[in-house]
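Take the sequences, apply the hints, and build the full model.
4 protein chains.
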Amino acid sequence: MIRLRRSQAVAGLTTGRITAFSDGVFSIAITLLVLNLHVPTVPGKLLDQLRTQWPSLLSYLLSFVIVGIYWVAHHNMFHYIKRSDRPFLWINILLLMCVAFIPFPAGLLGQYSGQRISLITYASSLILTNLMLSLLWWYATSNHRLVDQDIDPHFVRTVNRRNMTAPVVYLVSIGLSFLSPLASLIVFFLFPLYYIIPSHIDLHLTPTSRTKEEPKEHEDSTGEDSSITGGEGEEDIS
Amino acid sequence: MIRLRRSQAVAGLTTGRITAFSDGVFSIAITLLVLNLHVPTVPGKLLDQLRTQWPSLLSYLLSFVIVGIYWVAHHNMFHYIKRSDRPFLWINILLLMCVAFIPFPAGLLGQYSGQRISLITYASSLILTNLMLSLLWWYATSNHRLVDQDIDPHFVRTVNRRNMTAPVVYLVSIGLSFLSPLASLIVFFLFPLYYIIPSHIDLHLTPTSRTKEEPKEHEDSTGEDSSITGGEGEEDIS
Amino acid sequence: MIRLRRSQAVAGLTTGRITAFSDGVFSIAITLLVLNLHVPTVPGKLLDQLRTQWPSLLSYLLSFVIVGIYWVAHHNMFHYIKRSDRPFLWINILLLMCVAFIPFPAGLLGQYSGQRISLITYASSLILTNLMLSLLWWYATSNHRLVDQDIDPHFVRTVNRRNMTAPVVYLVSIGLSFLSPLASLIVFFLFPLYYIIPSHIDLHLTPTSRTKEEPKEHEDSTGEDSSITGGEGEEDIS
Amino acid sequence: MIRLRRSQAVAGLTTGRITAFSDGVFSIAITLLVLNLHVPTVPGKLLDQLRTQWPSLLSYLLSFVIVGIYWVAHHNMFHYIKRSDRPFLWINILLLMCVAFIPFPAGLLGQYSGQRISLITYASSLILTNLMLSLLWWYATSNHRLVDQDIDPHFVRTVNRRNMTAPVVYLVSIGLSFLSPLASLIVFFLFPLYYIIPSHIDLHLTPTSRTKEEPKEHEDSTGEDSSITGGEGEEDIS
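Chains as they are written, first to last, in the numbering used here: chain C, 333 to 570; chain R, 333 to 570; chain E, 333 to 570; chain V, 333 to 570.
Think of the hints as simulated: they come from the structure by calculation, not from any bench. Mixed in with the good hints, there may be bad ones.
Identical chains share a label here; the pair holds if one copy fits it or two copies do between them.
[What the hints assert, rightly or not] SDA-like, lysine to any residue: derived pairs with alpha carbons at most 25 Å apart:
| # | residue 1 | residue 2 |
| --- | --- | --- |
| 1 | K377 | L511 |
| 2 | K377 | L389 |
| 3 | K377 | P513 |
| 4 | K377 | L463 |
| 5 | K377 | N492 |
| 6 | K377 | S512 |
In structure tokens, the structure reads:
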């Protein structure tokens, strides 16, 4: 009676709707980070009490930047991912589960920044998030499952490798925490620069196939999508 | 003086706007779940204190997946629901009331996972949410009230039946909790797989009428709607 | 040098963007209501502790419905409001300030439902919200400032009157609270039905001018707007 | 192998998507402000306990308006910013980090409104936010980096100057707090009017080049963008 059409079963959940829901979770998780800073309620000199919160403030700054990096990476991926299917949908939900979890280890790191267990929890949480991000990209790109056929294979491998850098670095920082919690913390704060500094990211994230002469065609092919979020590129808006 | 035009009275509240508001509530409720995990504030060995929170962590994982399932189901339904009226609008608000409530029983389950009362509260909360979801679909589809005339009746019944599976299973788990809270918990964790594993969902959610040859026509008929969320199907985007 | 173009000064803040921001605040405020329910943390019989929370549960239900009513009213208004200017923008921000405040009196009502002061705080908060909603509609419609010229004057007055019903009723309920807090509470729970039950709302919210023969024209005139949120009416989507 | 195309490296992060994410953070931060008001949990006369919260209520009102001002300014800027690049993206994320932080100093100001340290923390937080807003505008407009070539240079300078007014005023209020905390508070409450009262804002925010005769052309040039958020101006919608 019922014919199987697996690829269309989640037709209602297009990449556009997945992105909108994901953006919601990203923006809420990043804003909830501030709840880890507490207005002192016990009596005492206010300045002294605020001073005890500077590790929480540093954790806020660090975690905000890290969730920001994940959001940028997620969006850059969805720029190339054109389709969706059920496994992909659930890998993305598991990724969001990791992202929405970050306020907890962030609070832990702020409250107990000198203790190894909070460093390990924080690093583990980020490792899991990165593995999910890697899985999402690997699943979408292997056999061109959810991306265009003409995507540059070198580019796909480069993103795969970049995604796997963070888990390795955070594993090292866990090892470091047994020697010196401070050294581990320094890794936490320096490593995000790897994803923020332009030259690196641009080198890896720009596919060979997208030359100066053809962006117009590319934009046209995703024209339907671009009308949702306000235009995909400079060409559409200006 | 005033002519009654009931069907248009809530013309400003189209399915597109209802979906946007619903997505907001879904993404906030799912992200608030992490607030049930508490950074220890009383003195004591940190690792021991974190160990006492693993039930809360499990409750986070479970509840995140369950809200995710509701979001997927909600969106799949709205793929077929083309119109809105006032009763439908308020059934949807009641459904959101149930979804936004889930962080409370989720926190209860994490804190008191061994106590029957928290198992019953959690199951009851999910039963209510599923009943609202069932009511929403039943209201929209009976007499083709808010769906297209050519929707497959077999498909409508299948979704109705699937929606009613969860209340029955959660009722059974409430019964089980009187024999063994652990058995009840196992049902909680295994049952979501029924909605996640592809084969099952695809079998039920794909209407007979949507054959391989005609998706283009279908997409066209909802072209207005698809332009909002970035394209309804693979055909639109790729 | 600089020519004054007041009407365009906030051109970047169109009704579409104001609606998107407002929807965000509405959906967050409505979801934060659940934080007024507390998982018991002190030792004691769990069932007994949960029983003490049923006023908080009732306050959750009531406040969720009330914020829902405001969201519906806000959207219905923005269906007719076509332009924006700076005073309108700030009246709307003040309205959102009232809406975002509701979780506080809602928590108070749940915790101290028998005390007059919490009833008065709750009612006052709703009175303020309704006055802002009235001001928003009055400002937009007087002299057809931000609405179309052909809007039915009878319809405008009807909405004005409906907006002012709630402040009067809540003032009465404040008076009642001095005689009997319970009577005041009953008014709280019964009055929202006035805004939910279809016949009333449809009678008032449907302008005379929108007859069965001409909706197509109306929809066309707002075609630009409808493409954002997924179609304004049934005609657009089906 | 890989050709560098820096300008397109973050092609997936258009101004439309950045705005959507930013709106999320703005609307969540502004709604979280209410969590600084606490339902009394210790025994005592309820009215007396609520009276102690009026500074928190004033801080809520003030901070809601201030975040509202930032949101309006952010949107007005993005009305002119047509492109995005990686440094701009990260300046915006740092700005959001400042905005999302505001609930903490707002809570501090409410709880300890008489103490200089909370006044300084609040003012410093706003200074940082304004500096980020200034940096964002300066980066986007210098050398017409991310704006159109025909943007009025006088207008660009005027916005630059307006953006730098707040840091100066808040620095003065920090100085004042050493003489009189109350005087400092009065500055906090009066200064936002500078950004709200129409005449000032309109004078500065309206570029000379946008005359009454040419808005149509302007709207057309951003037609792609306007279709997302519901139309840019009155012309599009009416």
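For each hint, the structure was consulted:
1. Taking the shortest Cα distances, K377 and L511 sit within 25 Å of each other only across copies (20 Å), while inside one copy they are farther apart (35 Å).
2. For the homomeric pair K377 and L389, the shortest alpha-carbon distances inside one copy (19 Å) and between copies (23 Å) are both at most 25 Å.
3. In this assembly of identical chains, K377 and P513 lie within 25 Å of each other by CA distance solely across copies; the values are 17 Å between and 29 Å within a copy.
4. For the identical chains of this complex, K377 and L463 are neighbours neither inside a copy (44 Å) nor across copies (30 Å), given an alpha-carbon limit of 25 Å.
5. Taking CA atoms no more than 25 Å apart as the test, K377 paired with N492 passes in neither setting, with 51 Å inside one copy and 39 Å between copies.
6. Proximity of K377 and S512 under a CA criterion of 25 Å is satisfied inter-copy only: 19 Å between copies versus 32 Å inside one chain copy.
Figure legend: structure checked against the earlier numbered hints; hints not met, in rising order: 4, 5.
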